[in-house]
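Protein chains in written order, with the numbering used here: chain P, 0 to 260; chain E, 0 to 260; chain Y, 0 to 260.
Treat the hints as calculated values from the structure; they're not laboratory data.
Do not take every clue at face value.
[To be verified] Straight line, CA to CA, 25 angstroms or less: simulated PhoX-like cross-link-like pairs of lysine-lysine: (1) P:K199 <-> P:K260; (2) Y:K77 <-> P:K225; (3) P:K199 <-> P:K166; (4) E:K225 <-> E:K260; (5) Y:K225 <-> Y:K260; (6) P:K77 <-> E:K225; (7) E:K77 <-> Y:K225; (8) P:K166 <-> P:K260; (9) Y:K166 <-> Y:K199.
Remember, it's a predicted structure, so these values are computed and weren't measured experimentally.
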Amino acid sequence: MIPITLITDFGSKDYYVGAVKGVILQLAPDARIIDISHEIQPQNVLHGAFVLRHIIEWFPPGSVHIAVVDPGVGGRRKMLAARYGGRTVIAPDNGLVTYCQRELALEEVVFVQNTQYFLNRVSHTFHGRDVIAPVAAHVANGVPLSQLGPPAEQLELLQLANPEAQKDGGIEGRVVYVDHFGTLVTSISANHLAELYRRKLDVHVYVDEVEVGTVMQTYSDVAVGKPVALIGSADMLEVSVNCGRADAYFEVTPATRIVLK
Amino acid sequence: MIPITLITDFGSKDYYVGAVKGVILQLAPDARIIDISHEIQPQNVLHGAFVLRHIIEWFPPGSVHIAVVDPGVGGRRKMLAARYGGRTVIAPDNGLVTYCQRELALEEVVFVQNTQYFLNRVSHTFHGRDVIAPVAAHVANGVPLSQLGPPAEQLELLQLANPEAQKDGGIEGRVVYVDHFGTLVTSISANHLAELYRRKLDVHVYVDEVEVGTVMQTYSDVAVGKPVALIGSADMLEVSVNCGRADAYFEVTPATRIVLK
Amino acid sequence: MIPITLITDFGSKDYYVGAVKGVILQLAPDARIIDISHEIQPQNVLHGAFVLRHIIEWFPPGSVHIAVVDPGVGGRRKMLAARYGGRTVIAPDNGLVTYCQRELALEEVVFVQNTQYFLNRVSHTFHGRDVIAPVAAHVANGVPLSQLGPPAEQLELLQLANPEAQKDGGIEGRVVYVDHFGTLVTSISANHLAELYRRKLDVHVYVDEVEVGTVMQTYSDVAVGKPVALIGSADMLEVSVNCGRADAYFEVTPATRIVLK
Chain P
0 MIPITLITDF GSKDYYVGAV KGVILQLAPD ARIIDISHEI QPQNVLHGAF
50 VLRHIIEWFP PGSVHIAVVD PGVGGRRKML AARYGGRTVI APDNGLVTYC
100 QRELALEEVV FVQNTQYFLN RVSHTFHGRD VIAPVAAHVA NGVPLSQLGP
150 PAEQLELLQL ANPEAQKDGG IEGRVVYVDH FGTLVTSISA NHLAELYRRK
200 LDVHVYVDEV EVGTVMQTYS DVAVGKPVAL IGSADMLEVS VNCGRADAYF
250 EVTPATRIVL K
Chain E
0 MIPITLITDF GSKDYYVGAV KGVILQLAPD ARIIDISHEI QPQNVLHGAF
50 VLRHIIEWFP PGSVHIAVVD PGVGGRRKML AARYGGRTVI APDNGLVTYC
100 QRELALEEVV FVQNTQYFLN RVSHTFHGRD VIAPVAAHVA NGVPLSQLGP
150 PAEQLELLQL ANPEAQKDGG IEGRVVYVDH FGTLVTSISA NHLAELYRRK
200 LDVHVYVDEV EVGTVMQTYS DVAVGKPVAL IGSADMLEVS VNCGRADAYF
250 EVTPATRIVL K
Chain Y
0 MIPITLITDF GSKDYYVGAV KGVILQLAPD ARIIDISHEI QPQNVLHGAF
50 VLRHIIEWFP PGSVHIAVVD PGVGGRRKML AARYGGRTVI APDNGLVTYC
100 QRELALEEVV FVQNTQYFLN RVSHTFHGRD VIAPVAAHVA NGVPLSQLGP
150 PAEQLELLQL ANPEAQKDGG IEGRVVYVDH FGTLVTSISA NHLAELYRRK
200 LDVHVYVDEV EVGTVMQTYS DVAVGKPVAL IGSADMLEVS VNCGRADAYF
250 EVTPATRIVL K
């Protein structure tokens, strides 16, 4: 029973999720279908890439991971199958594996071109059902990636903003993600912070000009309603409000800077 | 491991979905429960009917499909079990099979009346848990439809508006569904369009008075932010905006006309 | 294939649900993961407690039930494992089992402390993934509760407001829950009502000063758009509007009183 996980921007009110699941079960009746999220923001490839990267390592090797955020469906974008630590991703080649490529060990990646693994009739607007679902089922059934198409030489990846060292010895990053609880996930990693601590014992976190304080361990290290900076479960610096919403507290915009100094 | 799929208007915050799943697993421990949607608009039978019709054919024969949008629960509406291409639907008899009846081959349909397949105690407000879930589990376990109740002579079906031929040789339809991406699914099918092409080489699509253009293949056939008409994955004419929302672009109302001429 | 069910306030757009599922499948590859709800209102323990209590009894004995609404994660709150009718709950000790404790027969309860059943590395902010998921997987694999930690002497429970007898012979309760359909679930149970009927033949229901009427059986016992009081599927008195929303009809606040007299 190979797990096949689903990350999509399909939402939850349409037939799209159901059609994908039906195709998988027709071709791989023993696969185990696992919903990760169907609430990726429509056409937001970066959002999908972030979720994919942070679920894949928790699944057993052999698992198959579908990611469908596909504004270029039916056009010239390619389809890829990539393997990291024994786990296979099937996704459009539009940046969905950006974080996986940066942070996980790639074992193999091909462009999916062999139409014998697609549905007989492929629509121009729903490759999740007509291409990705059947290919994922065949991979779960044991088809090797090399059968799907040629090795991929060059992938389409998103540009990720890295934190920048500042003249005063601090570092400046950005908010890369706001989660369901309003927590701000930043571009500053636990490694960045550890490096800063080697040079500086007393590090303070600022959201633009507003000081949050030093880096704490958990939410309840501050009073209810107060902001707190900590290393979150993705090993990135996060800014939260204990039992509240940091996105509302700080009125975050894409230009918001996260400064450590 | 027979798939039992769930389409409901229960939403995602209550105990309703969980209670249905628990009852199924008590009675059919090997069934495979597959969520399709719990976000059917409350009491919107047409919405549920559309989703049901467009997922059922993708599942393997033998699968069981629960649909619960049930404003008449506890009253005089009947319960049905219907089989199309080897797939069984269990639903209130209130129009949920309207699209299935119009477009799929019906093999058998009964009114579910045999209380030995219900829970011992049936509430007046939650037949999804007390009637539909146990009946679906028993069907997955091999109980024939003929054991559930008598053949259904006459079903309650919704009135569907068909597109109308116009004096100028064109056709006029309606928006029947707006999906998660804001795409307008119309009442005009690929067959209607093919027929029109036999009489007319140059077909243009209008949303009320606004011209969308000719029928394209996919979203990226137009620039980002521009509207596009195409045959979507349900084989119906759809109007989208490339990387945008057609429902916002056109300010769609129930009276909005889709005209081909 | 032991069912492991999930009730969380994680929402549906993040990696949190997926990471929990991956950890379970790594440790208990044959477990059957069942989504109940990920839309518990953030940090609303009472909401999670209500859903947990009303799904647990429908699952087969042996099932495992994860509940994660955990504002105190990483702080001093404990973790519990409790068994009711053969079904095991794994949850923070913060009141999530309040309704289970009041209404179900407790067989065993321990504080989960044995770190050999946790992930090797436990974060300060995501015990759902690092503690609860692996413990649930081990319980599904047959680890007895007594291996997880010492018997729990005293649990943290929420204060539940009981209905109050009135001088005029009636009773007064509160709205404890508003469901997806806008139905008001009250603190008055079917038992409270039965007791009242023993003293009084003609019972009328009021939302604050507004009369709803006598207690009916189902929604369609009143006209569309009209309010109706009935015993709902949780065996509690509920106030609904037939094909409408009672929460909008009555403008419910936390102070709203439900009066039977």
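Tested hints:
| no. | hint | result |
| --- | --- | --- |
| 1 | P:K199 <-> P:K260 | 9 angstroms, holds |
| 2 | Y:K77 <-> P:K225 | 23 angstroms, holds |
| 3 | P:K199 <-> P:K166 | 14 angstroms, holds |
| 4 | E:K225 <-> E:K260 | 20 angstroms, holds |
| 5 | Y:K225 <-> Y:K260 | 20 angstroms, holds |
| 6 | P:K77 <-> E:K225 | 23 angstroms, holds |
| 7 | E:K77 <-> Y:K225 | 23 angstroms, holds |
| 8 | P:K166 <-> P:K260 | 10 angstroms, holds |
| 9 | Y:K166 <-> Y:K199 | 14 angstroms, holds |
Violated hints for the displayed structure: none, as all numbered hints are satisfied.
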